[in-house]
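Student: Starting from the structure of chain P, add chain X where the hints point.
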Amino acid sequence: MRFLGAIATALLVVGAVGAAEIPLAERRSGYSFMKPDTKTMQDDDTANPGMLWVLNGETLWNRKTSAADKACADCHGNARASMKGVAARYPAFDKATGRPIDLEQRINSCRTNHQQATPLPFESRELLSLTAFVARQSQGAPIETGADPQLAPFVAKGRELYMQRQGQLNLGCANCHDDNWDKRLAGAAITQGHPTGYPLYRLEWQSLGSLQRRLRACITGIRAQAHDYGAPELVELELYLMSRARGMAMEAPAVRP
Amino acid sequence: MASALINVPAKAKRGDIIEIKTLMSHIMESGYRHKASGEAVPRDIITSFTCHFNGAEIFRADLFPAIAANPFFSFFTTATESGKFEFEWIGDKGFSETASASISVE
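Note that the protein sequences, when read in sequence, are chains P and X. For the first sequence, the positions run 1 to 257 when UniProt numbering is used. For the second sequence, the positions run 1 to 106 when UniProt numbering is used.
Just chain P, with the same shape it has in the complex (with noise of 0.2 angstroms):
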């Protein structure tokens, strides 16, 4: 406790030089941060645990479902064209709600709306299956989240997010993930925050979770109140966050220790 107090401290020292921006040709994903078992474990599609909610993603976007008796693949045919760098472009801006919704919730307003279903819970397997299986289609693509200028007030609400200090530790995410992702943290390596791999494998987790999941574990990690599934500010951090990592390739399913 008194060593984690320590690092704090040393944190907030730090952090008062001020958050500056990594520049472009600095941007490097988790990925490069990881040992080399990990990284042939994500790149290695029958080793990298996440290919099997992608498998399962698969047998659901073919399967009918509900009262319309319609499947995703009835509208959006085959994903391995149709949602080819869909993953990329998201958070994406909702015409019906004038915000923007990310990856999951557009999945879930679709089965609302032309599925007539019910929407998946917030990181149950099957909202996290249709997700890994349509972002995988856009594995390799760059990230062009943000290019929609109707998106640009929340961006600036997401980074204003991204740069406030919060929570007992009262850090903000630049204090790590801008001036200090060089360093390390009790050991594990602090990365720059992009995320271009979710939704993602993490071996801590033993499972596939969300960026959602993850902002509200480092949330958590502040000591912050965590904002609950499908706020809006967790909404317009992945979208600050995205738009930040834009070029950068994605990795879906990534995973990471």
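These are computed hints drawn from the structure, not numbers from a lab. Just so you know, these numbers come straight off a predicted model, no measurement behind them. Please note that a few of the clues may not be correct.
[As the list claims (entries may be wrong)] Which stretches of chain X does chain P cover? Using the computed rule of at least three CB atoms under 8 angstroms from a CB of chain P, they are:
hint	segment
1	21-32
2	46-56
3	64-78
[What the hints assert, rightly or not] Okay, derived cross-link-like pairs now, DSSO-like style, lysine-lysine, Cα gap no bigger than 30 angstroms in a straight line:
hint	chain 1	residue 1	chain 2	residue 2
4	P	84	P	39
5	X	35	X	93
6	P	84	P	157
7	X	11	P	39
8	P	35	X	21
9	P	84	P	70
10	P	84	X	13
11	P	95	P	157
12	P	70	P	95
13	P	39	X	93
14	P	183	P	35
15	X	84	X	11
No residue lacks a Cβ here, since even glycine has one placed at the ideal position from N, Cα and C.
Tutor: Positioned in the frame of chain P, the structure of chain X alone reads:
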């Protein structure tokens, strides 16, 4: 969503050493954890994995609570003849899954 990912080369030359990789979806609940209410979460793990080639057992593993979720196995064998690999996972709560893959050996 029990499902397996199997990687067996489709072709091999006689005498080649080939690698077989399997990944099985399973939570591997250790039985040592408790819920917030204090109740123990019952153990739910895969206990045994076997691989048969043309009916003969070529690989077997016993699994224990310390093994992580979604167990991954990689092992090697010598390609002797064309045939079929049959994989079987057995575990708690009546868990039983099978998968198979064929290889042609020249």
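Student: Indicate, hint by hint, whether the structure satisfies it.
Tutor: Do the hints match the structure? See the list:
With a cut-off of 8 angstroms between beta carbons, the segment 21-32 of chain X has 5 residues touching chain P; three or more are needed, and the interface restraint holds. Taking a C-beta to C-beta cut-off of 8 angstroms, the segment 46-56 of chain X contributes 0 residues in contact with chain P, too few for the three needed, and the coverage statement is violated. Against chain P, the segment 64-78 of chain X contributes 5 residues with a C-beta closer than 8 angstroms to a partner C-beta. That satisfies the three-residue criterion, and the hint holds. Only pairs whose Cα atoms come within 30 angstroms are accepted, and residue 84 (chain P) paired with residue 39 (chain P) is accepted, the gap being roughly 24 angstroms.
For the suggested pair residue 35 (chain X) and residue 93 (chain X), the alpha carbons sit about 19 angstroms apart, so the restraint of at most 30 angstroms is met. Note on residue 84 (chain P) and residue 157 (chain P): the hinted pairing holds, with a Cα-Cα distance of about 28 angstroms set against a maximum of 30 angstroms. Distance hint between residue 11 (chain X) and residue 39 (chain P) is fulfilled; the C-alpha atoms sit about 27 angstroms from each other, no more than 30 angstroms. Distance restraint check for residue 35 (chain P) and residue 21 (chain X): the Cα-Cα separation of roughly 21 angstroms lies within the 30 angstroms cut-off, and the hinted pair is therefore satisfied.
Note on residue 84 (chain P) and residue 70 (chain P): the hinted pairing holds, with a Cα-Cα distance of about 21 angstroms set against a maximum of 30 angstroms. Taken as a hint, the residue 84 (chain P) and residue 13 (chain X) pair is broken in the structure, with Cα atoms around 37 angstroms apart against an allowance of 30 angstroms. For the hint linking residue 95 (chain P) to residue 157 (chain P), the alpha-carbon distance of about 19 angstroms falls within 30 angstroms, and the restraint holds. Among the hinted pairs, residue 70 (chain P) with residue 95 (chain P) is consistent with the structure: their alpha-carbon atoms are about 23 angstroms apart, no more than 30 angstroms.
For a cut-off of 30 angstroms, the pair hint linking residue 39 (chain P) to residue 93 (chain X) is broken: about 34 angstroms separates their Cα positions. Between the alpha carbons of residue 183 (chain P) and residue 35 (chain P) the distance comes to roughly 15 angstroms, so the proposed pair stays at or under 30 angstroms and holds. Among the hinted pairs, residue 84 (chain X) with residue 11 (chain X) is consistent with the structure: their alpha-carbon atoms are about 12 angstroms apart, no more than 30 angstroms.
Comparing the model with each earlier hint shows violations of hints 2, 10, 13; every other hint is respected.
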